[in-house]
Amino acid sequence: HCLTKPVRESELYDCLASLDPAVAAPPSRRAAAATRVQFAGLVLVIEDNEVNQQVATAMLRRLGCDVDVASSGKEGLVALEAARYDLVFMDCHMPVMDGLAATAAIRANEARRGRARQPIVALTGDALAGDAEKCLSAGMDDYLAKPFGLTELRAVLERWLRRREIAARPQPPPRPSTERANHVPARDDVGLVALEVTHQHRR
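The sequence shown begins at -16 in the numbering used here and counts up one residue at a time.
Because the hints were derived from the structure by calculation, they are not lab data. Note that the Cβ used here is the ideal one computed from N, Cα and C, for glycine as well. Check before you lean on any hint, since a few could be wrong.
[Stated by the list, open to error] Simulated restraints on C-beta separations: (1) Val20 with Arg96: 32 to 38 Å; (2) Asp114 with Asn32: 15 to 21 Å; (3) Val38 with Thr(-13): 17 to 23 Å; (4) Gly97 with His(-16): 46 to 52 Å.
Let's have the full structure, built from the sequences with the hints guiding it.
Rendered as structure tokens:
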């Protein structure tokens, strides 16, 4: 999503609602979402792009996971020696040691030491026919094409991590559509909206 500053409150609301439909749901649907499913697990993201690291980390934490990040295949191998992870997301295209080579090294190490198989999910922007099979034949266990959203990520976590239900924070009722459409905040109002969102996020 892209918002142009100064941001109208209605535009910000609609953007957030599109990311989380529960925000804009009628009271009956919000009541049904009184609990939400999250996941328990320690996840390692092996990804060389800093922005992709931040996005993946934020999404995984939103879904309840604890997250570590490695910036290369070699760093990922070091991290896997130091800790046991419930799930690994492996970028396929990285310099020096790409995801396929790193996965091969992980599988060889497991065979040599008699270790349990580490679940690995391939992360790649290649969504062409045969790409999933290529990742699976290289020793990966699952496949997630970039860019992906919470729905796609949640579907993968459902297959590999233990679920836990937590009480969802109550959502405030939405403003009437006419009020949102006609309200144009002053510049100070824009700043207050941004500060409020930031404050809630930090809590």
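Structure-based check of all given hints:
Distance hint check: the CB atoms of Val20 and Arg96 are about 35 Å apart, consistent with the given range 32 to 38 Å. One distance hint, 15 to 21 Å for the beta-carbon pair Asp114 and Asn32, holds here, with the actual separation near 18 Å. A hinted range of 17 to 23 Å holds for the C-beta pair Val38 and Thr(-13), which are about 21 Å apart. For Gly97 and His(-16), the hinted distance range of 46 to 52 Å is satisfied, since their beta carbons lie about 47 Å from each other.
Figure legend: structure checked against the earlier numbered hints; every hint is met.
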